[in-house]
Amino acid sequence: MIEVVKNFNSYVWRTEVLEISSDKGRRQTANLNSCYQKLDGSLMQVANDVVAKEARNHEAAVSRKDRAKDQQKAKKAAAAAASEERLRKQKLERERSRAQHSSRR
41 MIEVVKNFNS YVWRTEVLEI SSDKGRRQTA NLNSCYQKLD GSLMQVANDV
91 VAKEARNHEA AVSRKDRAKD QQKAKKAAAA AASEERLRKQ KLERERSRAQ
141 HSSRR
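If you read the sequence shown in this note's numbering, its first letter stands for residue 41, the second for the next number, and so on.
A portion of the hints provided could be inaccurate.
Unchecked claim - Below are the DSSO-like pairs computed for lysine-lysine, each with C-alpha atoms no more than 27 Å apart in a straight line:
hint, residue 1, residue 2
1, Lys93, Lys105
2, Lys109, Lys129
3, Lys129, Lys115
4, Lys131, Lys115
5, Lys109, Lys93
6, Lys105, Lys116
7, Lys78, Lys64
8, Lys78, Lys93
9, Lys115, Lys105
10, Lys131, Lys116
11, Lys93, Lys113
Rather than coming from a laboratory, the hints here were simulated on the basis of the structure.
Let the hints inform the model, and build the full structure from the sequences given.
Shown next as structure tokens:
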């Protein structure tokens, strides 16, 4: 989050300070309130950006996990299908063998 703040126009690199000023009004309190509003707006923007980035990262991680789970399910299903096919072939071979033995008698 600090890196985002360093990209503000009001960030002074030499002193590493966020400098916010205002000369909208003639009164110091009005200018001070204006500075607080600018600071609040800047911090809200940073927070929104960081939260949005974290949400995107989380969604990407979740989708990667979902894909991994789907791949695992597909592998299990393929293994089960292969096992069923192998058992079916073995059963057919046994039946053929029995049929051949019974026809010889």
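Okay, the hints, checked on the actual structure:
1. Lys93 x Lys105: Distance of about 18 Å is within 27 Å: holds.
2. Lys109 x Lys129: Not satisfied, since the Cα-Cα distance of roughly 30 Å exceeds 27 Å.
3. Lys129 x Lys115: holds, 21 Å
4. Lys131 x Lys115: Distance ~24 Å between lysine 131 and lysine 115 Cα, so the pair holds.
5. Lys109 x Lys93: holds, 24 Å
6. Lys105 x Lys116: holds, 16 Å
7. Lys78 x Lys64: holds, 12 Å
8. Lys78 x Lys93: Distance ~22 Å between lysine 78 and lysine 93 Cα, so the pair holds.
9. Lys115 x Lys105: Holds: lysine 115 and lysine 105 sit about 15 Å apart, inside 27 Å.
10. Lys131 x Lys116: holds, 22 Å
11. Lys93 x Lys113: Measuring from Cα to Cα gives roughly 30 Å; hence the hint is violated.
Checked against the numbered hints given earlier, this structure breaks hints 2, 11; the rest are met.
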